[in-house]
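Q: Below, each chain spelled out in residue letters.
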Amino acid sequence: MLSLRNDPAEIARLAVLVAEFGVRHRLPASVVLHVNLALDEAISNIIAHAHDDPGAHDIAVRIALADGALSAELSDDGREFDPRAAPPPDLDASLDERRIGGLGIHLVRRLMDEVHYRREGGRNHLSFAKRIG
Amino acid sequence: MDLTTTKIGAATVVAAVGRIDSITAKPLEEKLLGVIQEGPPALVVDFTGVDYISSAGLRVLLVAAKKSKAAQCKFALCSLQPAVREVFEISGFGTIIAIHADRAGALAAAD
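In the order they appear, the protein sequences are chains R and H.
Counting from 1, one number per residue, gives the positions in the first sequence under our numbering.
Counting from 1, one number per residue, gives the positions in the second sequence under our numbering.
Just so you know, the hints here were simulated from the structure itself, not pulled from any lab data.
Be a bit skeptical, because a hint or two may be false.
[What the hints assert, rightly or not] Here are a few chain R residues that sit away from chain H, every Cβ distance over 10 Å (derived from the structure):
1) Arg-5
2) Asn-6
3) Leu-17
4) Ala-50
5) His-51
6) Ser-71
7) Ser-75
8) Arg-84
9) Arg-98
10) Val-115
11) Arg-123
12) Arg-131
[Said to hold, decoys possible] The calculated lysine to aspartate or glutamate pairs, modelled on EDC-like cross-linking and capped at a C-alpha distance of 16 Å, are:
13) Lys-66(H) / Glu-20(R)
14) Lys-74(H) / Glu-38(H)
15) Lys-67(H) / Asp-77(R)
16) Lys-7(H) / Asp-111(H)
17) Lys-67(H) / Asp-111(H)
18) Lys-74(H) / Asp-111(H)
19) Lys-67(H) / Asp-102(H)
20) Lys-66(H) / Asp-102(H)
21) Lys-67(H) / Asp-96(R)
22) Lys-66(H) / Asp-111(H)
23) Lys-67(H) / Glu-38(H)
24) Lys-7(H) / Glu-38(H)
25) Lys-69(H) / Glu-38(H)
26) Lys-69(H) / Glu-97(R)
27) Lys-66(H) / Asp-77(R)
28) Lys-26(H) / Asp-2(H)
29) Lys-74(H) / Asp-96(R)
30) Lys-31(H) / Asp-51(H)
31) Lys-69(H) / Asp-52(R)
We put the beta carbon where it would ideally sit given N, CA and C, even for glycine.
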């Protein structure tokens, strides 16, 4: 279990740790990259939107290998937010009509094989997994 | 993130090197919007050295593509690495932003 501050600089630090985990367990580079991108998007969302106050908040992260998948669990004390309920972006819109934003959650949903969410104990618990091979 | 700007013929080429994430998206946005304000006929962003892009980077490219169109500047990307190309495809950017295999192709289309 790793505790991150709600600071964007923490995302690159986490990415290095996940990459090291991947090397240690001989995971395909694409699996590590996709999980890192999903973590980046989920954590960026928490940092940008979860809290009303500008103060420090912890984001708990756990990375695990189980059932042939690399999985990540995130927990934060921000406002309730189920990313699975967010509307998908309109990928067929023209350049003029294409709205800015909404792509982060879309990437998480498309890159991961599973996405789970629950609200428990006043915290958001988001987890996702990418199958290996 | 390293950004190098070169003028080649009518086009301004911005070569990016490094990760494009929520931190480095800001200098990239300032650079691209600054170039567009100068009013070049074409702007090419060379992705040869970019191995990672998150939605924060996609957002900047979408903003730059919209502003370029309004300024009648031809906006294009070139030389996407496979991992970055995959993110573009998932995001549906291939149909709204011109993407070329290499810089020569992007410059030929800019003329």
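Q: Now, for every hint given, state plainly whether the structure supports it.
A: Cross-check of the supplied hints:
1. Arg-5: Check passes; 14 Å lies beyond 10 Å.
2. Asn-6: 12 Å, holds
3. Leu-17: 15 Å, holds
4. Ala-50: Holds, because the least Cβ-Cβ distance between Ala-50(R) and chain H comes to about 14 Å, which exceeds 10 Å.
5. His-51: 16 Å, holds
6. Ser-71: Per Cβ check, Ser-71(R) is outside 10 Å of chain H; nearest 20 Å; holds.
7. Ser-75: 20 Å, holds
8. Arg-84: 17 Å, holds
9. Arg-98: 6 Å, violated
10. Val-115: 15 Å, holds
11. Arg-123: Answer for Arg-123(R): holds, closest chain H Cβ roughly 22 Å.
12. Arg-131: 16 Å, holds
13. Lys-66(H) / Glu-20(R): 39 Å, violated
14. Lys-74(H) / Glu-38(H): Judged against 16 Å, a Cα distance of about 13 Å means the pair holds.
15. Lys-67(H) / Asp-77(R): Violated: Lys-67(H) and Asp-77(R) sit about 37 Å apart, past 16 Å.
16. Lys-7(H) / Asp-111(H): Roughly 13 Å between the alpha carbons, so the hint for Lys-7(H) and Asp-111(H) holds.
17. Lys-67(H) / Asp-111(H): Violated, at about 20 Å.
18. Lys-74(H) / Asp-111(H): Distance of about 10 Å is within 16 Å: holds.
19. Lys-67(H) / Asp-102(H): 23 Å, violated
20. Lys-66(H) / Asp-102(H): Measuring from Cα to Cα gives roughly 22 Å; hence the hint is violated.
21. Lys-67(H) / Asp-96(R): 10 Å, holds
22. Lys-66(H) / Asp-111(H): 20 Å, violated
23. Lys-67(H) / Glu-38(H): 12 Å, holds
24. Lys-7(H) / Glu-38(H): Holds - the C-alpha atoms of Glu-38(H) and Lys-7(H) are around 12 Å apart, at most 16 Å.
25. Lys-69(H) / Glu-38(H): Given that 16 Å is the threshold and the Cα spacing comes to 14 Å, the pair holds.
26. Lys-69(H) / Glu-97(R): 13 Å, holds
27. Lys-66(H) / Asp-77(R): 36 Å, violated
28. Lys-26(H) / Asp-2(H): 12 Å, holds
29. Lys-74(H) / Asp-96(R): Roughly 15 Å between the alpha carbons, so the hint for Lys-74(H) and Asp-96(R) holds.
30. Lys-31(H) / Asp-51(H): 19 Å, violated
31. Lys-69(H) / Asp-52(R): 36 Å, violated
When the structure is compared with the earlier hints, violations turn up for hints 9, 13, 15, 17, 19, 20, 22, 27, 30, 31 and for no others.
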